[in-house]
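K.L.:
One letter stands for each residue in the lines below.
2 protein chains.
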Amino acid sequence: MGTPYTLLGEPFSRSFKATLIVWCIFLLLIQCSLAATSNKSSSHFYKWEVEYMYWSPDGLENVVMGINGKFPGPTIRARAGDTVHVQLTNKLHTEGVVIHWHGIRQKGTPWADGTASISQCAINPGETFDYRFTVDRAGTYFYHGHYGMQRSAGLYGSLIVDVAEGEKEPFHYDGEFDLLLSDWWHKSAHHQEVGLSSRPMRWIGEPQTLLINGRGQYGCSLAAHYSNEQSSLSQCNVTGREQWAPYILRVDPNKTYRIRLSSTTALASLNVGIGNHKMLVVEADGNYLQPFETDDLDIYSGESYSVLLKTSQDPSQNYWISFGVRARKPQTPQALTILNYKTNSASKLPLSPPPVTPRWDDYAHSKAFTNKVKALDHKTIPKPPSTYHRRIILLNTQNKMDGYIKWSINNVSLSLPATPYLGSIRFGLKNGFDQTMPPENFTAQYDVMKPPGNPNTTTGNGVYMLGYDSTVDVILQNANVLAENVSETHPWHLHGHDFWVLGYGEGRFTKDGEKKFNMKNPPYRNTAVIFPYGWTALRFVADNPGVWAFHCHIEPHLHMGMGVVLAEGAQRIPKIPNEALSCGLTGKKFMRTGNNF
Amino acid sequence: MGTPYTLLGEPFSRSFKATLIVWCIFLLLIQCSLAATSNKSSSHFYKWEVEYMYWSPDGLENVVMGINGKFPGPTIRARAGDTVHVQLTNKLHTEGVVIHWHGIRQKGTPWADGTASISQCAINPGETFDYRFTVDRAGTYFYHGHYGMQRSAGLYGSLIVDVAEGEKEPFHYDGEFDLLLSDWWHKSAHHQEVGLSSRPMRWIGEPQTLLINGRGQYGCSLAAHYSNEQSSLSQCNVTGREQWAPYILRVDPNKTYRIRLSSTTALASLNVGIGNHKMLVVEADGNYLQPFETDDLDIYSGESYSVLLKTSQDPSQNYWISFGVRARKPQTPQALTILNYKTNSASKLPLSPPPVTPRWDDYAHSKAFTNKVKALDHKTIPKPPSTYHRRIILLNTQNKMDGYIKWSINNVSLSLPATPYLGSIRFGLKNGFDQTMPPENFTAQYDVMKPPGNPNTTTGNGVYMLGYDSTVDVILQNANVLAENVSETHPWHLHGHDFWVLGYGEGRFTKDGEKKFNMKNPPYRNTAVIFPYGWTALRFVADNPGVWAFHCHIEPHLHMGMGVVLAEGAQRIPKIPNEALSCGLTGKKFMRTGNNF
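Just so you know, the protein sequences line up as chains A and B, in that order. Under the UniProt record's numbering, the residue at position 99 of the first sequence is numbered 99, and the numbers go up by one with no gaps. Under the UniProt record's numbering, the residue at position 559 of the second sequence is numbered 559, and the numbers go up by one with no gaps.
Okay, chain A solo, but in the shape it has when bound (with noise of 0.2 Å):
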């Protein structure tokens, strides 16, 4: 007899090579659905720099805020699970510099909601910030500048995120176009900062120039020839090479387009129309809706939409695409662009003049479309709790401050820290914020019909701490502002969050307003509108970790103080990187304790 291990020799070795091969298999498994896996949800990572750059948005040279040398900024085209690495260097020379990812719920990562003074301290010049975030659902988004006016200086672009691999959108369509829609001035967004805080206070006026994918055309039109209200302008010389050539939609007959709209306009509330053509409204802020039908479609700014077209008309013909003004008296001509056939040449002039956008103070035409905009189904979009923990009230007010011109909410008018709030509540500074929390309320002696009786205001910078994950109403409260009967539309966008939009009102918010809520299908979104003197009433769920900012999102508007902060989960926010928060009391409380060479 041989020893234990030459008598165990053969078995084993027979043994094990099948034992080696069903491991193999067995890997190789393992292996394709890792493989798999990584396919469902990859990473795009994009390596940006911020700089300004010379520029012709409209056909008159200006300097611009660009990425990587382009305005607007490269589009981030994802899947719904994928991970964003935006590795972004600031090569301003003195400015700071965040982008914010609007729509983006940054569930984990507060710090990468890129909100100067609230997620996080500015990137300085010649410094590199990782904005690394998932994109959890499909849908229309878009990124932007969030310090002082740097939207406005140009610094936009678009994130479309499709379904994950395998899974579908609820309708069909055979291609797709992504207009981004924004306003340009002349002036400088520096000076228009200056204006905006100066005594007695500049106001910035309408835009010059509407711009459909950062083009735009100033003093020329397009359309000229029509005998029309844009006739006092020259045709347009253009080769279609211009930087402010028109993003033209090449289209083939007899097939379903999705037109995906989004608008980070600072100022402008937009309508747009297409000639000949209906469109199918399927989409807002990255949400389904119940599709319908409209022959124009009212987008502020903070939104986005997607449409479906059918390009069912005479394909002999091209059809006028044009956006005009709505809310504000317009000074500013529609943006135009042309849906061409492709059966026809890019450069024959539509048949008839291009849509009129309806009347800026058509307000019952505005709500009429608001009201058409519902949820798809609670399979897609979860329902309402049919109940609140917390209900917040915002009066938004116009204010005067020593002779400065304020918005305010509930009569405090936001002016952001140093320290961004994410730093300060993450680690307890109570020096870095007002620490007594902002008024939930306003008095019941306040006539939201007339300017107010004391239109002094006050600056702060309290936060509204939300219990975590318990459900909380905003109304968002309208009133008159300084001026006797004005009232302005004001859309407001919250961060972190999609809310349910439950109702909208006249006059002031009662609890009888509650009658009117939708807790069938109300839409969930991130921006909703007030319109003039009434209320628009919210809730959603404060269940993602973090701190969030909450304003209107007319730029301008946000920089003179309209806008709130909430924060929630505090003890819950993982750890923060440390290149998000060196600056102010976290930059220095951290140097104390590490500046021991």
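These are computed hints drawn from the structure, not numbers from a lab. Check the hints yourself; a few may be wrong.
Pairs count within a copy or across copies, as identical chains cannot be separated in the list.
In silico BS3-like pairs for lysine-lysine, Cα to Cα no more than 25 Å straight-line [what the hints assert, rightly or not]: (1) Lys47 <-> Lys329; (2) Lys588 <-> Lys430; (3) Lys91 <-> Lys70; (4) Lys255 <-> Lys520; (5) Lys329 <-> Lys520; (6) Lys91 <-> Lys400; (7) Lys187 <-> Lys255; (8) Lys91 <-> Lys187; (9) Lys91 <-> Lys430; (10) Lys187 <-> Lys70; (11) Lys70 <-> Lys400; (12) Lys342 <-> Lys374; (13) Lys383 <-> Lys70; (14) Lys588 <-> Lys348; (15) Lys91 <-> Lys47; (16) Lys400 <-> Lys310; (17) Lys575 <-> Lys588; (18) Lys515 <-> Lys372; (19) Lys47 <-> Lys588; (20) Lys515 <-> Lys310; (21) Lys450 <-> Lys47.
Given chain A's structure and the hints, the job is docking chain B onto it.
P.N.:
Positioned in the frame of chain A, the structure of chain B alone reads:
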């Protein structure tokens, strides 16, 4: 017998009274002596806010960078030995800020030198930085922004240091005026920066207006009615209350006035002339000169002078004071103001037209003036060491890099790092900047009389590390620019030191040039000019622990890389306040240690 306490009671009580009186006198004496000391050396506290504001420096409204609502900023006035404490709050919206105290050597406080990326992190919006430093020597100084082109934006003011109490100036005067000179563009400093950093580069051009104490006249002239070159302009309609009304020098007859002149121009070299009056030059850059008389005085950016003026002329007349452009072909009208003998109305115009500025390219005139500038004596001004330990030769060239235009020193164009050198060097952070020392010389083959044979340059941010307390020679070598037959004038300014200007020469510096050195009474200054195609030899002692900029004081030239960085005595730098270093690697380094909540 009572207790010892009782026994000792009376005598103690009596002697106690006497002791008390003696002590009181003693304490009083101490207090008086302390009071005397504090009189001699006091502290001046200023609370400043930097912000943009509307202003009309030259009659055309524009946006300027002001301090506490004023342009130029407030004048600091102290005595030699005093402490100046400026608590600077950045009220800009998105830009960092620093202030450099030009001519103050910052002995023991290198972090207070106010150079972004060199001595400190830029102060972020909303944050406050404490500049606390000693003004150790009487003289005429000024302060200005030292980040991006914020000096061009208007961030400057005067800093005047009187002799310590009980001390005397080596000359007498009855009154004094302080004239801070600058140049002004209607295009914003932001836009200027973009143009300079663009490909192709867009030069800023000549200034629109020259300013005296922030006041100039654009589109009109104070002297339009004389049939001189300015006659194409209309007579200014000025009441005296305008922001752009001239700063008038009101004098009594038969007195001696000290006129302090400092130039914080972005570009212009200036020449001053005063109708019918001679000037006695007595001070340069805070150091006394051998007094010399002159009809006109050249002043380059970064320089300061004091001149004495005798009001010995016809007191029934007023006289022009004029500043015109030198060393560049002028396209800017003279800056004018009035020397007003109080015996007249200030609005009485002088009989003769303003003094004519010498031809811009009359370099013989410039050199003759410069050669008259000599140190007063070695009681007040130290004698230069007779030998040097190290001689660094710095070739000044205009170059190209990937189509960008740069200024380079020994073929390295300075590109400042994100982390301040002071921190990187103090704490040995090797990634903070290029660890290779920049070149000390240039090739023997280089022909300074011709455009660069190979115009390509590199960027870098290495440091000249100097032996502590060593004597360093710097030969600034001028050369032909990119265009044929052009060589420009550059005023070089050294931080943290004065240097002896040993001599000037033509063409390429050789060992022979040493023969021209003035070792007897070279002027001791912080700024010295290099003339076209010439060289300038400087000597200084590296006895001030810190990191110091040395650069062309023409702001767009520095912006295009025309500077070097020197460091000495790194191990002797006292503890740097944390707030100076909360950015870049120093911010991160400290935070890595500290962020352990």
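K.L.:
Now tell me if each hint is right for this structure.
P.N.:
The hints, checked one at a time:
| no. | hint | in the structure |
| --- | --- | --- |
| 1 | Lys47 <-> Lys329 | neither (41 Å within a copy, 44 Å between copies) |
| 2 | Lys588 <-> Lys430 | both (14 Å within a copy, 23 Å between copies) |
| 3 | Lys91 <-> Lys70 | within (14 Å within a copy, 30 Å between copies) |
| 4 | Lys255 <-> Lys520 | neither (33 Å within a copy, 91 Å between copies) |
| 5 | Lys329 <-> Lys520 | neither (36 Å within a copy, 76 Å between copies) |
| 6 | Lys91 <-> Lys400 | between (37 Å within a copy, 20 Å between copies) |
| 7 | Lys187 <-> Lys255 | neither (42 Å within a copy, 51 Å between copies) |
| 8 | Lys91 <-> Lys187 | both (22 Å within a copy, 21 Å between copies) |
| 9 | Lys91 <-> Lys430 | between (33 Å within a copy, 22 Å between copies) |
| 10 | Lys187 <-> Lys70 | both (20 Å within a copy, 24 Å between copies) |
| 11 | Lys70 <-> Lys400 | between (39 Å within a copy, 23 Å between copies) |
| 12 | Lys342 <-> Lys374 | neither (34 Å within a copy, 80 Å between copies) |
| 13 | Lys383 <-> Lys70 | neither (41 Å within a copy, 57 Å between copies) |
| 14 | Lys588 <-> Lys348 | neither (63 Å within a copy, 58 Å between copies) |
| 15 | Lys91 <-> Lys47 | within (12 Å within a copy, 31 Å between copies) |
| 16 | Lys400 <-> Lys310 | neither (50 Å within a copy, 54 Å between copies) |
| 17 | Lys575 <-> Lys588 | both (18 Å within a copy, 15 Å between copies) |
| 18 | Lys515 <-> Lys372 | within (18 Å within a copy, 91 Å between copies) |
| 19 | Lys47 <-> Lys588 | between (29 Å within a copy, 21 Å between copies) |
| 20 | Lys515 <-> Lys310 | neither (38 Å within a copy, 88 Å between copies) |
| 21 | Lys450 <-> Lys47 | neither (51 Å within a copy, 41 Å between copies) |
Hints 1, 4, 5, 7, 12, 13, 14, 16, 20 and 21, counting from the list given before, are not met by this structure.
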